[in-house]
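Enquirer: Listed below are the residues making up each chain.
Protein chains: 2
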Amino acid sequence: MLKTMNLSQPMSKADYKAAAAKLRVELLQLQFQLSRRDKPVIIVIAGDDRSGRHETINTLLEWLDPRFIRVNAYGPVETQDDAKPFFWRYWKDLPEAGNVGVYLREWTSTSVVQFLNDEIDDAHLARRLSTIRHFEKTLSDDGALLIKVWLHLSKSAHQERVQKVRNTPFYDPKDELALKNFDKATQTIETVLEETDAPHAPWHVVNGDDEMQRAIVVGESIAKQIRYWLDREKPAAAAALPPTDSHTNVLDQIDLSLGIKKEVYETELDAKRQQLREVMTQAHEKGVAVVCAFEGADAAGKGGAIRRVVTALDAGLYRIVPVAKPTDVEYAHHYLWRFWKHIPANGLMTIFDRSWYGRVLVERVEGFAATHEWQRAYQEIKDFERQLTDHGVVLIKFWLHIDQDEQLKRFKSREQTAHKKHKITDEDYRNREKWPEYREAIHDMITQTDTSYAPWALIPAQDKKYARLEVLNTIITKTQAALDAL
Amino acid sequence: MLKTMNLSQPMSKADYKAAAAKLRVELLQLQFQLSRRDKPVIIVIAGDDRSGRHETINTLLEWLDPRFIRVNAYGPVETQDDAKPFFWRYWKDLPEAGNVGVYLREWTSTSVVQFLNDEIDDAHLARRLSTIRHFEKTLSDDGALLIKVWLHLSKSAHQERVQKVRNTPFYDPKDELALKNFDKATQTIETVLEETDAPHAPWHVVNGDDEMQRAIVVGESIAKQIRYWLDREKPAAAAALPPTDSHTNVLDQIDLSLGIKKEVYETELDAKRQQLREVMTQAHEKGVAVVCAFEGADAAGKGGAIRRVVTALDAGLYRIVPVAKPTDVEYAHHYLWRFWKHIPANGLMTIFDRSWYGRVLVERVEGFAATHEWQRAYQEIKDFERQLTDHGVVLIKFWLHIDQDEQLKRFKSREQTAHKKHKITDEDYRNREKWPEYREAIHDMITQTDTSYAPWALIPAQDKKYARLEVLNTIITKTQAALDAL
Chain R
1 MLKTMNLSQP MSKADYKAAA AKLRVELLQL QFQLSRRDKP VIIVIAGDDR
51 SGRHETINTL LEWLDPRFIR VNAYGPVETQ DDAKPFFWRY WKDLPEAGNV
101 GVYLREWTST SVVQFLNDEI DDAHLARRLS TIRHFEKTLS DDGALLIKVW
151 LHLSKSAHQE RVQKVRNTPF YDPKDELALK NFDKATQTIE TVLEETDAPH
201 APWHVVNGDD EMQRAIVVGE SIAKQIRYWL DREKPAAAAA LPPTDSHTNV
251 LDQIDLSLGI KKEVYETELD AKRQQLREVM TQAHEKGVAV VCAFEGADAA
301 GKGGAIRRVV TALDAGLYRI VPVAKPTDVE YAHHYLWRFW KHIPANGLMT
351 IFDRSWYGRV LVERVEGFAA THEWQRAYQE IKDFERQLTD HGVVLIKFWL
401 HIDQDEQLKR FKSREQTAHK KHKITDEDYR NREKWPEYRE AIHDMITQTD
451 TSYAPWALIP AQDKKYARLE VLNTIITKTQ AALDAL
Chain V
1 MLKTMNLSQP MSKADYKAAA AKLRVELLQL QFQLSRRDKP VIIVIAGDDR
51 SGRHETINTL LEWLDPRFIR VNAYGPVETQ DDAKPFFWRY WKDLPEAGNV
101 GVYLREWTST SVVQFLNDEI DDAHLARRLS TIRHFEKTLS DDGALLIKVW
151 LHLSKSAHQE RVQKVRNTPF YDPKDELALK NFDKATQTIE TVLEETDAPH
201 APWHVVNGDD EMQRAIVVGE SIAKQIRYWL DREKPAAAAA LPPTDSHTNV
251 LDQIDLSLGI KKEVYETELD AKRQQLREVM TQAHEKGVAV VCAFEGADAA
301 GKGGAIRRVV TALDAGLYRI VPVAKPTDVE YAHHYLWRFW KHIPANGLMT
351 IFDRSWYGRV LVERVEGFAA THEWQRAYQE IKDFERQLTD HGVVLIKFWL
401 HIDQDEQLKR FKSREQTAHK KHKITDEDYR NREKWPEYRE AIHDMITQTD
451 TSYAPWALIP AQDKKYARLE VLNTIITKTQ AALDAL
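Top line first, the protein sequences correspond to chains R and V. Residues in the first sequence are numbered consecutively from 1, following this note's numbering. Residues in the second sequence are numbered consecutively from 1, following this note's numbering.
Be aware that a few hints might be false.
Identical copies go unnamed one by one, so any copy, or any two together, can satisfy a pair.
Stated by the list, open to error - Taking lysine-lysine and the DSSO-like style, the derived pairs with C-alpha atoms no more than 27 Å apart in a straight line are:
#1 Lys423 with Lys465
#2 Lys261 with Lys22
#3 Lys478 with Lys409
#4 Lys22 with Lys464
#5 Lys382 with Lys137
#6 Lys84 with Lys155
#7 Lys155 with Lys325
#8 Lys464 with Lys17
#9 Lys465 with Lys17
#10 Lys464 with Lys13
#11 Lys325 with Lys92
#12 Lys262 with Lys22
#13 Lys423 with Lys22
In case anyone wonders, no lab produced these hints; they're calculated from the structure.
Only chain R is shown next, with the shape it has when bound in the complex:
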């Protein structure tokens, strides 16, 4: 790809001025149009430090209105918040709908640098490239525009620059080193670009030798892509999942008769909570993060189970994230954004009370997500979870299961209890009517996302006490296993 790049003659100053004036008007108009779209634009300006990334971004900010563009620039990974998965930093900075986010020293350049510095090996790089493909596809599938520019300096221009400063105070020995490694680096970049070039996220390789020409080529390329994106149709729907065979719903395999006696429960509960406290203290000391996602029908006992977990812990070590209707800012982002934001640093715990699985449960059943959106979500969720577990996060997904009769009993009992009455609304009764649709969605969710790295914990919750002990048990066992494997 590097060989096919534009190598035409440098530009004259007059040509530059004329082209820049025209481009500026066009870019400002496009920026206004895109500000009304319900999706964001993501611009990656990649390449090595000598290829003029900074200057190109500053020129773009002079042409566009910089107030509605956020430049996200990252330091070397070791000086970043390394206690979270690699992609966490890029996810949290994603622009919201109608905005432009420019990424500098982003995922691809950083991966190249890490590889060239021997910080990651071949296998790690291959895995990283696959994650990059998934990440970019996820954003593009959701409707975001992804523009990726790779600025490349020719070897001769590089030599010339080093030559020019060799006996001046601007001389930097790193430039010499880069020149020495030019061929090896170019080979790596070539491979990385090929592997991460995709129809929805193509690379635009631009020659960085001439400053003015470079700016115009990048600007025109960005304008063209935004214009195309603004005019384009919405993506076509993906193929539908095969219909579920309702005779073999995975929920039927859960033994709802399991229970426990009150006396046994009380002794066990104290013991388990003590164990949990110890294992979580160890996890904190060893820097192991834990993420629990609680799913289950209304009144399945999520809140009660969570309370037994957290009150055994030091308040500084965990955070509960109750997941409800998205806020307006959340709604203006990719649906996974609000979950990425809450991923704990190493040694801490986040408990999601309902989770990203809402995409394939309530959003599917109530029609808040289009068919192709929730069908795509299974793979997106698996990619997300894989990134967490690859980073060393202990990820535990609970489905607390009760049957429809038990739910009704609990609704009625809540209505009789003064301090629980407000938990029951007409909507809860309405949701019961969709029980069959939810059963199908739950079956699909479990079968589609039950992976070796993030299996579902299916908890019979007809007996609350039994379910609470099982939840405690599961967290203890999984976290202990992760600690033992260190």
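Based on the hints, put chain V in the right spot on chain R.
Expert: Positioned in the frame of chain R, the structure of chain V alone reads:
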């Protein structure tokens, strides 16, 4: 205050169980009621490490629904993000309307610990206590409920605890030290509590000797205050400001005839941008943060001035925050919250395109804030700005001034320019009708908040070029002065 604390007999287990059961129902009901309020509840559980703060919080979380309570626990200041003003960490974690935020190792306890460890001296402590008073008053004035509990262990209980573990593995030499310094510490705490006790944020000193009694006393006190707060009337309006004498509007002192020739401008602009780049690089290296707030009428040239500033800088070193209508999450917090969130770390720069002054401009003129709210805001803003400058932030507030004719001329010219047409709407014309009200609000704003630590830079902006150079000049001069003073 410590002497007046409850020292009654320890509780029996049966009494505890009965009291806890009753309290739990009441607290859950209150939690449901407060979840529908448009303001948050802030609970401080303070005291030293041996007084049972953790246990008390865990008991509260067992009684309440922990999913709608966030416990904000802070480490020692030196391990926190020390690159920002002290109160930044507490502001960013403020609960939103309808939620409960519990603070552990918060502003008051931390100040006591810092003083006892000789990290801050008498004068610093006095200043800190004054900031605490302002901070708590600001929250309470805005309608939040502030509950402050100080858990205090008696000397005898402390001695007993140390005695009990002295020859066991639980022994911690720090406890011995705390015991040795008990009297000095008690004296400091006494002073700090007295100085930070206020009608809107009173301290509730609770004896921490007996675990069960302590929990019940704290729980009942919290329930009582929430109940009182839920029933209470809104706060009465503050006294009105004296009317402005329109003959002496401060805006009339700005010389709008100031301008600059095009040739001079272009040379100067390049020179100033180069200077700015150098001084900001130094500021970055020396860890000096810069905050610029841009205010001015529509079309006063804020965007153009900001573009000349930022495109001279490295994209990683600044962030532009355009301030528009608050999002729903921002609206559910104190109005200063969204600005605190964006305060840069040492060595970085934040540019606010419109700012916290919206409270006393658009919110006042359009009636979005009640009279007592915007009148109170002058002092709140001064407290906020004082905290920034005390921390070493260079704070620059620009008023870009044009007259009404110039504005009209610019509106008309924008309508003629393809890529600026969208900037002009009917609302812009409607806003012009309120010019006299805005003039009065601007006069009050400038005279009320022009302080020695954060003076206003009043920029004649009738000539755009002149204004841009003045803006660059002001940032260079102020930042250089801060660097020279290091």
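Enquirer: Hint by hint, note whether the structure agrees.
Expert: Comparing the hints with the structure gives:
1. Lys423 with Lys465: Within. Shortest intra-copy distance 20 Å satisfies the 27 Å Cα cut-off; inter-copy 62 Å does not.
2. Lys261 with Lys22: Between copies, since 26 Å is at most 27 Å while 79 Å is not.
3. Lys478 with Lys409: neither (33 Å within a copy, 69 Å between copies)
4. Lys22 with Lys464: between (68 Å within a copy, 22 Å between copies)
5. Lys382 with Lys137: Within. Shortest intra-copy distance 13 Å satisfies the 27 Å Cα cut-off; inter-copy 48 Å does not.
6. Lys84 with Lys155: neither (37 Å within a copy, 44 Å between copies)
7. Lys155 with Lys325: Neither, since 54 Å and 50 Å both go past 27 Å.
8. Lys464 with Lys17: between (73 Å within a copy, 22 Å between copies)
9. Lys465 with Lys17: between (75 Å within a copy, 20 Å between copies)
10. Lys464 with Lys13: Close across copies (26 Å), not inside one copy (76 Å); limit 27 Å.
11. Lys325 with Lys92: Classified as both: same-chain Cα gap 19 Å, cross-chain 22 Å, threshold 27 Å.
12. Lys262 with Lys22: Cα proximity of Lys262 and Lys22: across copies only (22 Å, versus 78 Å in one copy).
13. Lys423 with Lys22: between (60 Å within a copy, 19 Å between copies)
Of the numbered hints stated above, those contradicted by the structure are hints 3, 6, 7, listed in ascending order.
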